[in-house]
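Position in the sequence shown (first residue = 1) + 122 = my numbering.
If you're looking for bench data, these hints aren't it; they were derived computationally from the structure. Each residue gets a CB set at the ideal place from its N, CA and C atoms; glycine is no exception. Please note that the accuracy of each hint is not assured.
As the list claims (entries may be wrong) - Derived DEER-like restraints, expressed as beta-carbon distance ranges: (1) D202 to A127: 18 to 26 Å; (2) A292 to I265: 17 to 25 Å; (3) L455 to D298: 53 to 61 Å.
To be verified - Here are the computed lysine to any residue pairs in the SDA-like style, where the Cα-Cα straight-line distance is at most 20 Å: (4) K198 to L182; (5) K203 to L304; (6) K191 to A250; (7) K191 to Y180; (8) K191 to I265; (9) K191 to A170; (10) K164 to L304; (11) K203 to N261; (12) K191 to F181; (13) K262 to V247; (14) K198 to Y333; (15) K203 to T253; (16) K191 to H343; (17) K164 to L361.
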Amino acid sequence: MHELAFPLLVGLILIALAFDFLNGLHDAANAIATVVATRLLKPVTAVAFAAFFNFAAYFLSLAVPELHKVADTIGKGIIDKDLVTPAVVFGALVGAMFWNVVTWLKGIPSSSSHALVGGLVGAGVAHAGMTGIQWNGLNKTLIAIVLSPTLGMILAMIIMLVTSWFGRNATAAGADRAFRFLHLGSSAMYSLGHGLNDAQKTMGIIAVLLYSTGNMQGEFHVPHWVALSCYVAIGLGTLSGGWKIIETMGTRITKLDQHQGFSASLGGSVMLFSASWLGIPVSTTHTITGCVIGAGAARRASAVRWQVAGNVMTAWVITIPASAAVAALFYYLTTLF
123 MHELAFPLLV
133 GLILIALAFD
143 FLNGLHDAAN
153 AIATVVATRL
163 LKPVTAVAFA
173 AFFNFAAYFL
183 SLAVPELHKV
193 ADTIGKGIID
203 KDLVTPAVVF
213 GALVGAMFWN
223 VVTWLKGIPS
233 SSSHALVGGL
243 VGAGVAHAGM
253 TGIQWNGLNK
263 TLIAIVLSPT
273 LGMILAMIIM
283 LVTSWFGRNA
293 TAAGADRAFR
303 FLHLGSSAMY
313 SLGHGLNDAQ
323 KTMGIIAVLL
333 YSTGNMQGEF
343 HVPHWVALSC
353 YVAIGLGTLS
363 GGWKIIETMG
373 TRITKLDQHQ
383 GFSASLGGSV
393 MLFSASWLGI
403 PVSTTHTITG
413 CVIGAGAARR
423 ASAVRWQVAG
433 NVMTAWVITI
443 PASAAVAALF
453 YYLTTLF
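Given only the sequences and the hints, what does the whole structure look like? Please build it.
Here's what the structure looks like:
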């Protein structure tokens, strides 16, 4: 157990909630890019729509506790919870927030989730060396970096093909009306899955902070007040929007119609709910990007701007090492004081 003055504990919790807010701000594009790109909803309406369902994921987690395994993975599945110190938590959060701000200013849809994982690894290794890494949890997260966009792309393509076959006799106007309705529903599901998976990452950080400082009673768990605070923070962040990233996600990778928007968001929601059920802190950014590419390529491969997609993927590759390096630096700075 590591002693920490109460004001410092509150300060670290507030920093964690600030990261959660920034996560929502940074990842707002994930949830609303398809409905904005297809002009299904106006940008301000779309942001409010996504923020509502981000917060509504709290009630879903109460109804289905099995969906709350991601917090355990982050809290004790990346770095051994008994080796985590307040300095490790601080370094991890600062490393992740730094990378989020850089990519947000550049309009690059990188992963807040992997920035946090990188931050945890960087600060954890700086504190305890490689022995502190929980390879089972880290490996499944690293595998998901490749699998989530790949499976999302394939799933979106399959949804496109299947729904095209079912709607082969429909008129263009009738199909457009149907897919507008379906797109709105799938976007709501995606926002629900986004809030569910992403808010849990901050819950895990706050929970392991409480555990390491002796402020948690009983076994490692996420207190209800922590869960509620994190869902509120990510909802407010989403409400603030991330307009530069929305432009990249919604228009620069490929142009979408209602059918493609529905296929991308439905594929993404299936991936996110599956990841939450398995306890994998998957990147919502990677997932929806793969789905958007799959929906665009299902019509024709030339519809995808592969150079833009390639630039996005380059940011994915360097997210974990970049945030890990910054986290390690800030961990060392805290030890000086």
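Against the structure, the hints:
no.	hint	result
1	D202 to A127: 18 to 26 Å	holds (24 Å)
2	A292 to I265: 17 to 25 Å	violated (39 Å)
3	L455 to D298: 53 to 61 Å	holds (56 Å)
4	K198 to L182	violated (23 Å)
5	K203 to L304	violated (43 Å)
6	K191 to A250	violated (25 Å)
7	K191 to Y180	holds (14 Å)
8	K191 to I265	holds (17 Å)
9	K191 to A170	violated (27 Å)
10	K164 to L304	holds (17 Å)
11	K203 to N261	holds (17 Å)
12	K191 to F181	holds (15 Å)
13	K262 to V247	holds (18 Å)
14	K198 to Y333	holds (10 Å)
15	K203 to T253	holds (12 Å)
16	K191 to H343	holds (10 Å)
17	K164 to L361	holds (13 Å)
In this structure, the hints that do not hold are numbers 2, 4, 5, 6 and 9, in rising order.
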